[in-house]
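Q: Sequence:
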Amino acid sequence: MPPSQSFEVFGGIVEFLSWSDEFCVLRGTVPPGSVVPLHRHPDAEDFLILSGTQQVLVAGDSGLQWRDAHAGDYVRVPGNAPHAHRNVTDRPAVDLIVTTARLGRFFQEVGRPMTDGLAPPTPEEVANFVAVSERYGYVLGTPEENAAVGITMPVFSG
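In the working numbering, each residue carries its 1-based index in the sequence shown increased by 6.
Because the hints were derived from the structure by calculation, they are not lab data. Everything numeric in this text was worked out from a predicted model, so none of it was measured. By construction, the Cβ of each residue, glycine as well, lies at the ideal position given by its N, Cα and C atoms. Please note that a few of the clues may not be correct.
What the hints assert, rightly or not - Simulated restraints on C-beta separations:
1. L124 to L54: 22 to 28 angstroms
2. T95 to E115: 26 to 32 angstroms
3. T95 to L70: 17 to 23 angstroms
4. Q114 to V145: 17 to 23 angstroms
5. G78 to E150: 32 to 38 angstroms
6. L70 to L124: 27 to 33 angstroms
7. D67 to R141: 30 to 36 angstroms
8. D74 to A133: 29 to 35 angstroms
Produce the entire structure from the sequences given, and follow the hints as far as they go.
A: Take a look at the structure:
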């Protein structure tokens, strides 16, 4: 994959900065009002918040907890840990993400190349996202699990 290839994944944008057989480095942009719903996968992810603020749902002392992550903060999400992100501010949040090449391939399969422009996901794209997630062994939170942590995701609720 050439560096700087970008994909939209349900409103968020991932830009590939570096790629190898083992890992990839991405720039992730979470626009204002965007949500990455509750999910888990075997791939660890490391986030360095470059700009903006986002809330990250991670395991805490008393279960899953929302934590504000600001520019300069580092967030590690171990493999198979349930997690979610949301941007409740009026500015984009931008992360440097280091993860596995496998998760990078997942983004390629489910994302829409940025050359196609931004648009709401089609029913076919949602179905593809669910099918590819299952094939990779990724687990998506149910509408009830998302609601329990304060996330409403109509695109996955139908």
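Q: Now tell me, hint by hint, if it's right for this structure.
A: For each hint, the structure was consulted:
no.	hint	result
1	L124 to L54: 22 to 28 angstroms	holds, 25 angstroms
2	T95 to E115: 26 to 32 angstroms	holds, 30 angstroms
3	T95 to L70: 17 to 23 angstroms	holds, 21 angstroms
4	Q114 to V145: 17 to 23 angstroms	holds, 20 angstroms
5	G78 to E150: 32 to 38 angstroms	holds, 35 angstroms
6	L70 to L124: 27 to 33 angstroms	holds, 30 angstroms
7	D67 to R141: 30 to 36 angstroms	holds, 35 angstroms
8	D74 to A133: 29 to 35 angstroms	holds, 34 angstroms
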